[in-house]
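K.L.:
What follows is the residue order along each chain.
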Amino acid sequence: MLPRFIAIRRALRETADTITLELEDPNPPAPFAAGQFNMLYLFGAGEAAISISGAPERPNLLAHTIRGVGAVTMPLLRARRGDAIGVRGPYGSAWPLQEAARSGRDLLLLAGGIGLAPLRPVIYEVLRRRREFGRLIVLYGARTPQDLLYRKELAQWRMHPGVTVKLTVDRAAAGWSGRVGVITDLLRAAEFDPAETIALVCGPEVMMRFCCHELARRGVSPRQVYLSMERNMKCAAGFCGHCQFSPFFVCRDGPVFRADRILPLLGIREL
Amino acid sequence: MENLARLLKEHPFLHGLEDRHLEFLTGCAANVRYAADEFLFREGQESGASYLLRNGRVALEIAVPGRGQVQLQTVEAGEVLGWSWLFAPYKWQFDARAVEPVRAFALDGNCLRAKCEADHDLGYEVVKRFLYQVHTRLERTRMQLLDLYRAGG
Amino acid sequence: METPSPEIAPQSSLIDCGGLDALIGALSAEGYTVIGPTLGDGAIVYDEIRSAVQLPAGWTETQSPGAYQLARRGDGALFGYAVGPHSWKKLLHAPVLRLWRAQRHHDGSITAQTDPPPPLRYAFIGVRSCDLHAIGIQDRVLIGGQYRDPHYAARRGGVFIVAVNCIVAGGTCFCVSMNTGPRVRRGYDLALTELIDGERHEFLVETGSTRGAAILNRIPKRPAADSDRQSASQATERAASQMGRQLDTGGIKELLLNNLEHPRWDDVAARCLACGNCTMVCPTCFCTTVEDHTDLAAGAAERIRSWDSCYTMDFSHLHGGSVRASIKSRYRQWLTHKMATWFDQFGTSGCVGCGRWITWCPVGIDLTEEVAAIRSGRRDDNG
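Chains as they are written, first to last, in my numbering: chain A, 1 to 271; chain B, 1001 to 1153; chain C, 2001 to 2383.
By construction, these hints were calculated from the structure, which means they are not laboratory data. Glycine included, every Cβ here is placed at the ideal spot set by N, Cα and C. There could be a bad hint or two in this list.
[Claimed, not checked] Cβ pair distances, simulated, as ranges:
| hint | chain 1 | residue 1 | chain 2 | residue 2 | range |
| --- | --- | --- | --- | --- | --- |
| 1 | A | Arg-261 | C | Gly-2058 | 43 to 49 Å |
| 2 | B | Ala-1088 | C | Asp-2267 | 49 to 55 Å |
| 3 | A | Gly-162 | C | Gly-2321 | 53 to 59 Å |
| 4 | B | Glu-1046 | A | His-213 | 35 to 41 Å |
| 5 | B | Phe-1039 | A | Glu-270 | 54 to 60 Å |
[What the hints assert, rightly or not] Facing chain B, a subset of chain A residues (Cβ under 8 Å, in silico):
| hint | residue |
| --- | --- |
| 6 | Arg-9 |
| 7 | Arg-13 |
| 8 | Ala-30 |
| 9 | Ala-33 |
| 10 | Glu-99 |
| 11 | Arg-171 |
| 12 | Ala-172 |
| 13 | Trp-176 |
| 14 | Val-182 |
| 15 | Thr-184 |
| 16 | Glu-191 |
| 17 | Phe-192 |
| 18 | Asp-193 |
| 19 | Val-206 |
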C-alpha cells in the first residue's frame, strides 16, 4: 500500500483540462498490461485511480493522461517535470489483447472523451505487433474539437495499413470540418464483420450502454464486447469496498469486464 | 434515367425497395453537386427536396447571436438530409452547408408527396425509411443533449 | 448411564472461577494483552482485562430491535449474555490507522514509510461462535485473497482465542439460521462452556490447539466427566432453542438479487436514517476510507485509513455525484452485499446472525423481517 515516489519526466498539456504525465519507474512490481491502472498520489492531496496510457512494450515508462475533475486531479494539471508523484500499481484487469491476437479477429475500439486514454496502449501494441492482429478500427467521440486527445497521434495512426480512425464531436463552431454527432453514428456507419470483431469500449457509462445497444443491433455478441468500468476507488486491492458493483470489485475484477457479465447490471439504477 | 435508377438503388436509404417503387421514385430524383461551403439550403427557405447524400459531409447550422455559426450535427454519405417538405409550412429550419464537396440525389418534395399519396404502398415504404432517419437523428440529438463528456460526468 | 455428547471431546477439563483467573494470568505472563467482556458505557463491551473480576459477573442484557439494556441475572454467571455493541474487529481491523507517513526533502524527492506494527499480541476471552465466524470471514476478505492487508495481518497473527459457547441467546440473535452457532466448532485455542447451577460454577474447557493445551496445562483443572459434557451440551442446546430471531436463508442470494426493484426497498428506505450504525457494529463489515493530511511547511504528509460505511453519500462518489444517491440504494447495497453478493466474492454469507445490526439500529429495522417481507411478496422481476 506504500506508493513509490517517482519524479515526472515529462508533463504534456493535452487539452484545457487534460494533461499527460510520464514517469520513469525504475522498479515496477510488474509490467503493466493494456487496460490496467495505477493509483497516483499527489503529495498531501490524495490518490486517484488513473489508467495507464503508455506503450506496454516500455513497462518502465508510465504515461498517465489525467482529466482535472477532482481534488487530486485538478492540482495534478499543474504538475511539472521533476515533481515527485506517488505510484501504486499496476492494478486491475486488462483488455483481451492475447485473445484478439490468437483469434485473428478485427479490433473495434470505441472511445468516448477521456476513454481514449486506457485504449491507447492497445493501439500502440497492435501497431507494434501489426501482423499478429486483424484490422483496427478506432471510433472516437469527444465533446468539442478542442477536447480531442492525442491529435497528432490520431493523424499518424490512420496512416497505418489496416487502420481506420474516425472522429466525431458533440458540438462545434464554424471552422470544424469533421463530423458533428455521436459515437453510435460512427458505429452505425462502420464496416466490420460482426462475427469476426472484438469490440473494446471505454467512456462514460451511458455512452458504453448506447454502444452496446448498437453493437447488439449490428449482431456483435456481448461475449465479444469488453467495457472498462469506473467506480470510486480507494485501495485498489478489494479491501475498502468503495468500488463494488453488485458482485464485483471494479478495482480487482475490473476495470475491464466482458460485456455479457455486466450488461444485466448496467440497467439497474444506483446499483 | 436507367442509370439514375441503378445508382439510386445503391443508396442505403433505398436498399431493398421494390423495383416498381424505385422506378416510380426515379422520376422525382435529380443528381446534384455542391462545392465546399456552398449552402444546400438556408433557414426560412421553402423546403423542396430531400437529399440522399452520396459523398461528402453537410453541416446543419444555425446562427446564434453572440456564438456565431453553431454546427448542430453533420450528415454524411449514406444518410438523408431534410424532410421539411413533408410538413406544412414546408420551410427549412436550419442552414445546410457543404463542409466538403457533396454529391447527392435530390428527391423533389412535391413529386414525392404526390406519388406517396397516389400509392400508399410506396408511401408507407418511403415514410418508414424517413422515420428510421428521424429515429437515428433523434438518438443522436438525445445523446448530444446528455452532454456525456462534460466535466463531472 | 448417561451418554456424553459426541461433539465434546472426551479429553475436556473443568476449571473454576479461580482457574479462569489463572488462565488470564497465564496469558498475561506469556505476553498477551488480554481482551475480554467488561462493563462500560452502559453495555457489555470488549476491553483490556487483567483479572476475572473484571468480567461482568451476574450481568446480562435484554436486546430487541433498536433497544439494548443491561440487566441483572439471578446468579453470578460471567458469560450469561450474548454480544454487545463491540466486536473483535475493532482490535484486528483498526477503526483508525495510519497507513504511512511521507517526507518531502529539500531536493523535491519524497520518501515514505509505514509505522511498525503494534508490539501487541492479543488474547481474546469470550469469543462467541458468531464472532469467531466473523473473524474467519474478515480473514478471507483481508488476508485470504490476491492482496493481503499487512496491517490486519500483523494484528491477526498469533491472536490467542478463548471462545465461549453461548448459554443464553439474545433477543435479536439468529446464529442458528445462519449456521454459525451457538456452539463453536473450530478456530479457537480454548473453548469454554459455563456450567452454573445452584452452588456449582465451573467451566468446561475444550482445547483446539497445541498452544491452547500448553496454557491449560499451567492452570489448576480437573478432568471433566461425561455428565459435565452432557450439561455443557444441554446449555448450548438451550441457547440454540432461544434464538430471538430467525431467517429463512433458502435461496436467499437469488431471492434478493432477483428482487432489486421490490417495493419493500422503498418501504425500508422511508425508515432508514442512513446513519451507518449497522455497519459500525457489524463484525464482518470491512469497508474503509482514507484521508490525507499534510503539513506543507514541514514537508510532511500522512495517509489515515478509517472505517467507512456504505450508507454515506460519499461512499460511491464519482466525479459529478454519488452512484448511490438514494437511501434505498444504499440500504439495498448493504443488505444484498451481506446476504447475496458476499457469496460471489468470498464464498460465504457475510452475515453471522449476531443480531447487532437489529439491536443497534436506532429505528429498529430488523433485517430478518425485511428479508421475510421480500420473500412473501417476491416479484423476481430482474436478474
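K.L.:
Hints numbered earlier in the text: which of these fail when held up against the supplied structure?
P.N.:
Those not satisfied are hints 1, 3, 5, 6, 7, 8, 9, 10, 16, 17 and 18.
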